[in-house]
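Everything in the sequence shown is counted per this note's numbering, starting at 1 for the first residue and increasing by one.
Be a bit skeptical, because a hint or two may be false.
Said to hold, decoys possible - Straight-line distance between alpha carbons at most 20 Å, and here's what the computed EDC-like set of lysine to aspartate or glutamate pairs gives: (1) K87 / D69; (2) K87 / E99; (3) K348 / E366; (4) K348 / E301.
Stated by the list, open to error - For each label pair, taking beta carbons as the anchor points, the in silico distance ranges come out as: (5) N157 / A285: 33 to 39 Å; (6) P347 / T152: 49 to 55 Å; (7) P394 / H208: 17 to 23 Å; (8) Y54 / R188: 31 to 37 Å; (9) E99 / P169: 32 to 38 Å; (10) P83 / P347: 41 to 47 Å; (11) G313 / R344: 34 to 40 Å.
Calculated from the structure, these hints are not laboratory results.
Note that beta-carbon positions come from the ideal geometry of N, C-alpha and C, so glycine has one too.
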Amino acid sequence: MPLVADWRRDVDYDEIRRLRRARLSDAMARAGVDALVLFENANVRFAAGLRPLYAPNFQVRQAVVVTADDPGAVVFVHQDDTPHRRKTMHWLDPADIREFPTGVVLEGGGASALAPLGDALRQLGFTSGRVGTDIGTPASLGNLAALLGGSTLVDANALLNQARMVKSPGEVVLMRHASAIVDSAMRRAVAMLAPGVRECDVLAEVMHEFYTHNAEVPQCNLIVCTGDNTAPMQRFAGDQLVRYGDLVFMDIGACFNGMFSEETRTVVVGTPHETQREVYRLVHALHSALIDAVRPGATGEDLQSVAAGVLDGHRFGGNLQKMIIAHGIGVGYAESPYIAPPGRPTPKLVLEEGMMLAIVPTVLVEGVPGGAGVRLEDVVAVTSSGAEVLTVHPYDDALLA
1 MPLVADWRRD VDYDEIRRLR RARLSDAMAR AGVDALVLFE NANVRFAAGL
51 RPLYAPNFQV RQAVVVTADD PGAVVFVHQD DTPHRRKTMH WLDPADIREF
101 PTGVVLEGGG ASALAPLGDA LRQLGFTSGR VGTDIGTPAS LGNLAALLGG
151 STLVDANALL NQARMVKSPG EVVLMRHASA IVDSAMRRAV AMLAPGVREC
201 DVLAEVMHEF YTHNAEVPQC NLIVCTGDNT APMQRFAGDQ LVRYGDLVFM
251 DIGACFNGMF SEETRTVVVG TPHETQREVY RLVHALHSAL IDAVRPGATG
301 EDLQSVAAGV LDGHRFGGNL QKMIIAHGIG VGYAESPYIA PPGRPTPKLV
351 LEEGMMLAIV PTVLVEGVPG GAGVRLEDVV AVTSSGAEVL TVHPYDDALL
401 A
């Protein structure tokens, strides 16, 4: 995102926060939820603009409390972060930015450890009713229920998923910036591929590009795998050397200003095996057909039908990965909706303008020289005229030939 550009008006962050809170309030009203106590990284970002403290383990380190009757929020952050957040989160009263109660995560802590959360609820006008929450250990959720007394603790994930699904214009701009960073990293990764380069060398180049462009955090445990590591798929980067004739499978993503984007490319080093070409062409045809099917009014079942039309009768159609063919993306690195492959249950869904999807067909064929695990993935925005593709690194001409 350009910084030396005082004439630009790309993003109005206050407007993004206002629209997010409006969507959240609407979702709370539809679900009959009177207050929320949120811990999950994407949800605290969405509800109050709180940049989370990312960690590779499950440990709750922040919270956001909101109610249906008050437009404000109370946020709880790690004690090391409290002074900085009070100085920089200008859209909140500094008094509403508080140290996270460590008793939430300490073993053996009772309901009294969560008293600051109860204080925040009362400050925001909540006395009794339905309180939604998202994640927590069984002990902490039990303590929260005890703290609420006669109120009812309910699962808020469905309403949060609904509120987050349609992006505002400002969020779309941020995702374009995030996608540009991911494209830049993919360009550098592909450019360095050669026999003798290790998977971890490629990932190091990706991470360097992310952080020199001020990405907040990588999307997850990013994948760089080569040769026979592509099928069955190795979901990380090891130290295997790239060899001539290998497919290299790179699934990368990053967060910029609270919005994630991602991209996957599979490329060949050298001359491809004919079976590698066949698998790649199948995935490319499926990927293109799914993108062409994205438009307002299309359903998850429509995308499944399109996929079935490409896969049926192909000798590798049964090698489609069984998890998903598309998923939502935004403040979460993967979020609702999740669209399953043909023949598997998928949520009832009608695409709307402003939704974001990562289109991610994957076909894995074992026993092929140089590997034949192929994924192509792009992030697309649902627009009035169809799909706007945000990640635009080229596909592999040698595999399409």
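CB-CB spacing for A285 and N157 relative to the 33 to 39 Å hint: Given a distance of about 35 Å, which is inside 33 to 39 Å, the answer is holds.
CB-CB spacing for P169 and E99 relative to the 32 to 38 Å hint: Taking Cβ atoms as reference, E99 and P169 lie about 35 Å apart, which means the hint holds.
20 Å limit on alpha-carbon distance, applied to hinted pair K87 and D69: Between K87 and D69 the Cα gap is close to 26 Å, so the pair fails against 20 Å, i.e. violated.
CB-CB spacing for R344 and G313 relative to the 34 to 40 Å hint: violated (19 Å)
Distance restraint evaluation - P83, P347, Cβ atoms, bounds 41 to 47 Å: holds (43 Å)
Hinted pair K87 and E99, Cα distance within 20 Å: holds (14 Å)
Restraint check for K348 with E366, where alpha carbons must lie at most 20 Å apart: violated (33 Å)
Consistency of beta-carbon spacing, T152 to P347, with hint 49 to 55 Å: violated (25 Å)
Verdict for P394, H208 (Cβ pair) under range 17 to 23 Å: holds (21 Å)
K348 paired with E301 [C-alpha distance capped at 20 Å]: holds (8 Å)
Outcome of range test on Cβ distance (Y54, R188; 31 to 37 Å): Taking Cβ atoms as reference, Y54 and R188 lie about 23 Å apart, which means the hint is violated.
Figure legend: structure checked against the earlier numbered hints; hints not met, in rising order: 1, 3, 6, 8 and 11.
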